[in-house]
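Participant: Listed here are the chains, written in short residue letters.
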Amino acid sequence: MKLTSKLIGSTAAATVAGLLSATGAMADGHAVSACLITKTDINPFFVKMKEGATAKAEELGISLQSYAGKVDGDHETQVQAIETCVASGAKGILLTASDTKAIVPVVEAARAEGVLVIALDTPLEPISAADATFATDNFEAGRLIGAWAAATLGDAAADAKIAMLDLNESQPSVGVLRDQGFLTGFGIDVKDVSKWGDEDDPRIVGNDVTSGNEEGGRKAMENLLLKDPDINVVYTINEPSAAGAYETLKSFGKEEGVLIVSVDGGCPGVKDVEAGVIGATSQQYPLLMASLGIEAIAAWAKDGTKPENTPGLDFFNTGVSLVTGEAVDGVPSIGIAEGLDRCWG
Amino acid sequence: MADNFEAELDSSDTSVAEFEGHRSLLDKFQHFLHANPAMVPVIILAVSIVGFGLVAGERFFSPFTLGLIMQQVAIVGILACAQTLVILTAGIDLSVGAVMVLSYVVMGNLGVTYGMPAGFAIIIGILVGMACGMLNGVLVTRLKLPPFIVTLGSWRIFLASVFLYTGSQSIRSQDIDAEAPALKFFGGKVTFIDDLIGFNANITYGVVLMLVIFLVFWYLLTNTAWGRAVYAVGDDKDAAELAGIRSDRILVSVYVVAGFICGIAAWAAIGRVGSVSPSSFQEANLESIAAVVIGGTSLFGGRGAILGSLFGALIVGVFAAGLRLAGADPQWVLFASGCLIILAVSIDQWIRRVSV
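In order, the protein sequences belong to chains W and U.
Just so you know, we're using the numbering used here here: the first sequence kicks off at 283 and counts up by one.
Just so you know, we're using the numbering used here here: the second sequence kicks off at 415 and counts up by one.
Because the hints were derived from the structure by calculation, they are not lab data.
Quick caveat: nothing in here was measured; it's all calculated off a predicted structure.
Glycine included, C-beta positions come from ideal geometry on N, C-alpha and C.
Hints are not guaranteed to be accurate.
Only part of the chain U face toward chain W is listed, based on derived beta-carbon distances under 7 angstroms [what the hints assert, rightly or not]:
| # | residue |
| --- | --- |
| 1 | Glu472 |
| 2 | Ser476 |
| 3 | Leu480 |
| 4 | Gln486 |
| 5 | Arg586 |
| 6 | Thr638 |
| 7 | Arg642 |
| 8 | Phe695 |
| 9 | Leu739 |
| 10 | Pro744 |
| 11 | Gln745 |
Okay, the calculated beta carbon distance ranges per label pair [stated by the list, open to error]:
| # | chain 1 | residue 1 | chain 2 | residue 2 | range |
| --- | --- | --- | --- | --- | --- |
| 12 | W | Val475 | U | Pro531 | 50 to 56 angstroms |
| 13 | W | Glu390 | U | Cys753 | 40 to 46 angstroms |
| 14 | W | Lys584 | U | Asp591 | 52 to 58 angstroms |
| 15 | W | Ala384 | U | Val552 | 47 to 53 angstroms |
| 16 | U | Gly741 | W | Glu395 | 53 to 59 angstroms |
| 17 | W | Asp474 | U | Lys442 | 51 to 57 angstroms |
| 18 | W | Ala369 | U | Glu655 | 54 to 60 angstroms |
| 19 | W | Glu395 | U | Ile537 | 44 to 50 angstroms |
| 20 | U | Arg556 | W | Arg393 | 49 to 55 angstroms |
| 21 | W | Ala619 | U | Val461 | 56 to 62 angstroms |
| 22 | U | Tyr528 | W | Ser455 | 46 to 52 angstroms |
Derived pair list, reagent style DMTMM-like, types lysine to aspartate or glutamate, alpha-carbon separation capped at 25 angstroms [to be verified]:
| # | chain 1 | residue 1 | chain 2 | residue 2 |
| --- | --- | --- | --- | --- |
| 23 | W | Lys536 | U | Asp441 |
| 24 | W | Lys443 | U | Glu472 |
| 25 | U | Lys603 | W | Asp512 |
| 26 | W | Lys553 | U | Asp591 |
| 27 | W | Lys509 | U | Asp743 |
| 28 | W | Lys553 | W | Glu577 |
| 29 | W | Lys509 | W | Glu451 |
| 30 | W | Lys473 | U | Asp743 |
Just chain W, with the same shape it has in the complex (with noise of 0.2 angstroms):
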């Protein structure tokens, strides 16, 4: 009983101690603290966004705290992360959410404390409940790659033999709008927008999924060589399954005539644009939406303004650009070098 009171006792003397010097501090330098709170720290993607955020808090004077869950999918981790920015006083919080729907709550109790939450590369569920969400338009993305395979093939594009290589069977909402944004932008009815599969096309030979890796990138296209060896353009969801797909054209001797596209923009994918293994890829930019959302924390903790969102999205869209060595009429594009110069990994 004694030993509990005690620990009671110095437990709350320590809290008034903490919260005494955090006061101190803020009245002191009148500095603005912000969170950043990712997945993980070890995929490239969010090393370089907590680059970007870093060096443009340091910019602006802003003190900035990292967070990352232990693995992708470590919702737990991120939750106490949220909590603990938002008792340090922190002005805003940039958030990439593992588990987009159950996190909701706790942003909201967040924004009732006055914080701004920004959710960078991943929406949350509803998309609402952040104050704004800085990310990749995935669509456009996917569009930019099935306009530029159209445009490359020319009349060819009418009787073209297309393998889809998605993301994974739960289609998560990532993998659905660059498929979707691929077809559209091909000229390709999606039928319901909503999921991918679903098409009629003769034109499409089939959807296989990669799980974003080299490995399954290279099942997936053996699987849709094998329903038609003559298979000339190559939709994948990433860098790495496109270079998957790339060993299984190679074994079969058909690397030459096929046409692959992807998205990401990451360093290693730049560079198989360069060597010819990938036509054309949408790069999404990580360090942009993190130097931003710091932008928009500043502004917040300094007249009260929130962030727009870009006109007809539900969201505020970070830009994407279709890189290629290859540039066609109608599809606006950066070369190789400025590629490679704005990649990230």
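We have chain W; now place chain U onto it with these hints.
Facilitator: Chain U in isolation, oriented as in the chain W frame:
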């Protein structure tokens, strides 16, 4: 009086007690399978090849397709060999896939990034695999923890090590070609038949490696003292110890050998995938367990044939390719592989209930 009372016996019925009635064809089949459990996966494999041949047509029967299925199952097949050893000891190894990935990222990093001669890089990678197996084995025997718990933990530890070590960055195929092409040795292939659908039928060295590994371990399990001891420890550890087998040593050796096989699989996986990919093979552990179970090895230890796991892996491959060729969506392939596992175990249970 010399009455020969026993003379009467000669005229008595000499037959012994037996069951009445003759066995049905199904009973005979059940008895045959009970006596030859390894035949179950062979029969399933044969039936599924014929079945899919009928559904998907001549394209399925082509040497190209059958060669491709072998390539697709090679890595999981090799891992299933390691998994079989562990399961025969009544254990389970959830970490095989992660051990393999850890081994090959070490090989790739040393061979490509640091420019070490490929031979050394491969040997060190295999040693890393064996060290992982050793860790599992020591935790199972010294701390007496259940293998499921040990490998559930070590799986995550190895996987996290992979991500921390590589930053989740793949090593590109072109960079391997430039720096250490020997890492991709098992991706090399022999072409043996021109094919009717426009592709040549290929057998990669990786497929040959899988077959060799299965034959070697089939020999070791059936013809050496070590092999008999593995079965004995899995069947009844206490009885094995009473018979003079030092079961802890056998268990550690099994985990180390499993780690060694994972290391070999790692080398083959670089050839198969073409690049060194930290994010690949996330489900290889479960796929290897599926192959072993479909192959008829009992999860309770001491019973099963290692060649069954080879057929188990092939059955999964035939189903996946057959369904895809027949036009099924990937979701249905996943669904079918689940049904296959339950079917295989049900058949196994039915055979065990045989009345002798």
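Participant: Against the structure, test the hints numbered earlier, and report the numbers of the ones violated in rising order.
Facilitator: 1, 2, 3, 6, 7, 15, 19, 22, 23 and 28
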